[in-house]
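S.K.: Dock chain B against the given chain A, drawing on the hints supplied.
Protein sequence lines correspond, in order, to chains A and B.
Counting from 1, one number per residue, gives the positions in the first sequence under the working numbering.
Counting from 1, one number per residue, gives the positions in the second sequence under the working numbering.
The set of hints was computed from the structure by calculation and includes no laboratory data.
Quick caveat: nothing in here was measured; it's all calculated off a predicted structure.
Note that CB positions come from ideal geometry on N, CA and C, so glycine has one too.
Check before you lean on any hint, since a few could be wrong.
[Said to hold, decoys possible] Here are the in silico distance ranges between beta carbons for each label pair: (1) B/ASP84 <-> A/LEU87: 40 to 48 Å; (2) B/LYS67 <-> A/SER83: 39 to 47 Å; (3) A/ARG182 <-> B/LYS14: 35 to 43 Å.
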Amino acid sequence: MNILKKLTANKLLFFGVVLLGIFVLSAVFAPLISPHDPWTYGQAFLHPSAQHLLGTNDVGQDIFSELVYSARVSLWVGFVSASLATLLGVAVGIWAGFRRGWLDNVLMGMADIFLVIPALPLVILLSVYLGPSIWNIILVIALTLWPGTARVIRSQVITIRQSGYVESARIMGASEFRLMWRHVLPNVLPLVAAKFILAVAVALLLEASMSFLGLGDPSQKSWGMMLHYAFSRGGFVQNLYWWYLPPGLCITLCILGLTFINMSFEDRTDPRLQRILDR
Amino acid sequence: MQRHYHPAASFLGKALRYSIVLIVIIALNFLIPRVMPGDPVKNILGEQAYYTAEDVAALSAELGLDKPVYQQFGDYLGGLFSGDWGYSYLYMQPVLEAVGGHLLWTLVLILPAIILGALLAGLAGLVAGYFRKTPLDIGLTSGFMLVYAMPHYWIAMLMLMFFSFNLGWFPMGKVTTGGLSGFAYFADLLWHMALPLLVITLFKAAYDFLIMRNTVISICGEDYILMARAKGLGRGWILFKHILRNSLAPLVTVTAIQFGMLFSGVLLVETVFSWPGMGTLIYEAIGARDYPLIQGAFLIIAVCVLLANMTADLLYRRLDPRTA
Numbered sequence: 001m002n003i004l005k006k007l008t009a010n011k012l013l014f015f016g017v018v019l020l021g022i023f024v025l026s027a028v029f030a031p032l033i034s035p036h037d038p039w040t041y042g043q044a045f046l047h048p049s050a051q052h053l054l055g056t057n058d059v060g061q062d063i064f065s066e067l068v069y070s071a072r073v074s075l076w077v078g079f080v081s082a083s084l085a086t087l088l089g090v091a092v093g094i095w096a097g098f099r100r101g102w103l104d105n106v107l108m109g110m111a112d113i114f115l116v117i118p119a120l121p122l123v124i125l126l127s128v129y130l131g132p133s134i135w136n137i138i139l140v141i142a143l144t145l146w147p148g149t150a151r152v153i154r155s156q157v158i159t160i161r162q163s164g165y166v167e168s169a170r171i172m173g174a175s176e177f178r179l180m181w182r183h184v185l186p187n188v189l190p191l192v193a194a195k196f197i198l199a200v201a202v203a204l205l206l207e208a209s210m211s212f213l214g215l216g217d218p219s220q221k222s223w224g225m226m227l228h229y230a231f232s233r234g235g236f237v238q239n240l241y242w243w244y245l246p247p248g249l250c251i252t253l254c255i256l257g258l259t260f261i262n263m264s265f266e267d268r269t270d271p272r273l274q275r276i277l278d279r
Numbered sequence: 001m002q003r004h005y006h007p008a009a010s011f012l013g014k015a016l017r018y019s020i021v022l023i024v025i026i027a028l029n030f031l032i033p034r035v036m037p038g039d040p041v042k043n044i045l046g047e048q049a050y051y052t053a054e055d056v057a058a059l060s061a062e063l064g065l066d067k068p069v070y071q072q073f074g075d076y077l078g079g080l081f082s083g084d085w086g087y088s089y090l091y092m093q094p095v096l097e098a099v100g101g102h103l104l105w106t107l108v109l110i111l112p113a114i115i116l117g118a119l120l121a122g123l124a125g126l127v128a129g130y131f132r133k134t135p136l137d138i139g140l141t142s143g144f145m146l147v148y149a150m151p152h153y154w155i156a157m158l159m160l161m162f163f164s165f166n167l168g169w170f171p172m173g174k175v176t177t178g179g180l181s182g183f184a185y186f187a188d189l190l191w192h193m194a195l196p197l198l199v200i201t202l203f204k205a206a207y208d209f210l211i212m213r214n215t216v217i218s219i220c221g222e223d224y225i226l227m228a229r230a231k232g233l234g235r236g237w238i239l240f241k242h243i244l245r246n247s248l249a250p251l252v253t254v255t256a257i258q259f260g261m262l263f264s265g266v267l268l269v270e271t272v273f274s275w276p277g278m279g280t281l282i283y284e285a286i287g288a289r290d291y292p293l294i295q296g297a298f299l300i301i302a303v304c305v306l307l308a309n310m311t312a313d314l315l316y317r318r319l320d321p322r323t324a
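If we strip away everything but chain A, and leave its shape as in the complex, we get (with noise of 0.2 Å):
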């Protein structure tokens, strides 16, 4: 029973890898996959064919080539702002979780103030004023992302700093650093890893809110900033669900890959719920 249960929580995870896997490769290879470039004018509103597998859009680009080349800006804004977010949060989480006190209290206060103030407002507020670029919405995006991971990690950190083995190398004399780096971190590592799986779905998904509301970097193409276009310019009205379809398509499916990955990670980072699984 056991083993059966262990094979659909694997079963998930590549579930998980495979969905994401076309994707990233999509984004690695799109030069080789794509058929046309998607920069390119041509005639507007083709219907598919064989010539143009998912039509045109208004100005003529090739749908199909556009979705290829979206996969890197969408997975790339995704990954990126959520490595930065992850990486802001573990520090923070580890180092406020360690030494506990008024640096706790200071750090997690922020972190407190950053969690309730709703992010796509922010996320709006910020690039309206710094422009569409593809590092401002990262950073921005980032910056609203790491509070979460913080608080998490934070609390991981205080159940692990009172164990044996961390009171032990404490006592041999390990500096705090190290006692951070070799005995905390690796610990709370699978937890960071289903939080920056976590993450890259929260920013991708709100990389394609922004573009969607024309806040995207225009000299870039994203599955958000295709929904803008095709709800902006016709496609949505005129029904070319060609041209609608496919990019929503793709953002739930890598969605539902990266959540299925993060759930097989949570599985097992939570014994609590392993427990309760293996019932």
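M.R.: The following block gives chain B in isolation, referenced to the frame of chain A:
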């Protein structure tokens, strides 16, 4: 060792925390247009405001930009509390009026969605968690997972396309047909809000469902459930009296934490349905680069989210006396 505080002290601590958040939000709103790249006059008035190069000095004096920063902040606070939130050149009216009118329509959508979504998720999560690993659970979980993964404005587009455009059951957007009053107006309003409400309810339910299901699964393993079973209590009694009662507190917390996210989701869904709420306001303000409007919208949304968090804090104690 957990220290025990007097309830009043913990309430004061909470109040202090929320006031700090409010101050930070206001300060952010004050600072962002002033420190961001670009012309501060333009940043404060918006791209729609038309003025010539000679006007700039006079305008920045009028806006107080030549005064020291602390004095500017003082003036800003004074303006905020006396209702002077700036002027929207896009809507040709004061920001507070424009924002207030739109907020009402967003609340009309968001408040029923919270209640309906929590009810739907609560019931579905209860059933799925209790009958874990049955086809019913697997069906419900995969369904909600799918909704969870879809961008909500995309679901909105699909629904609008299918139910309004293809089937013609619902209108293509907006709030009312116009020219109606009394009961007819109300029925017409309901007809118009059905689809956006459905999308937001589903979106809210998808988040809640996964949490509710996990809570129920862990409660099913508690000793008092075993005890209830051993006593020979009926399934319905256990489900509603023991499990539901104990899983309500997490549901309320989740609602509070996700209120900000829900608000963000509503903003996007509104633009698809041309619903005249905050989302459409922000969408149009972005297009016109009407900065005062975007700032006002941010401020009011942040305050709403803050209020929701406070409400949930208070409700939580009522629902789970163990934490008080």
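S.K.: Would you mind marking each hint as holding or not holding in the structure?
M.R.: Cross-check of the supplied hints:
1. Range check, B/ASP84 to A/LEU87: Cβ separation about 42 Å, and the 40 to 48 Å hint holds.
2. Taking the beta carbon of each, B/LYS67 and A/SER83 are about 42 Å apart, inside 39 to 47 Å as hinted.
3. The hint said 35 to 43 Å for the Cβ distance between A/ARG182 and B/LYS14, and at roughly 38 Å that hint holds.
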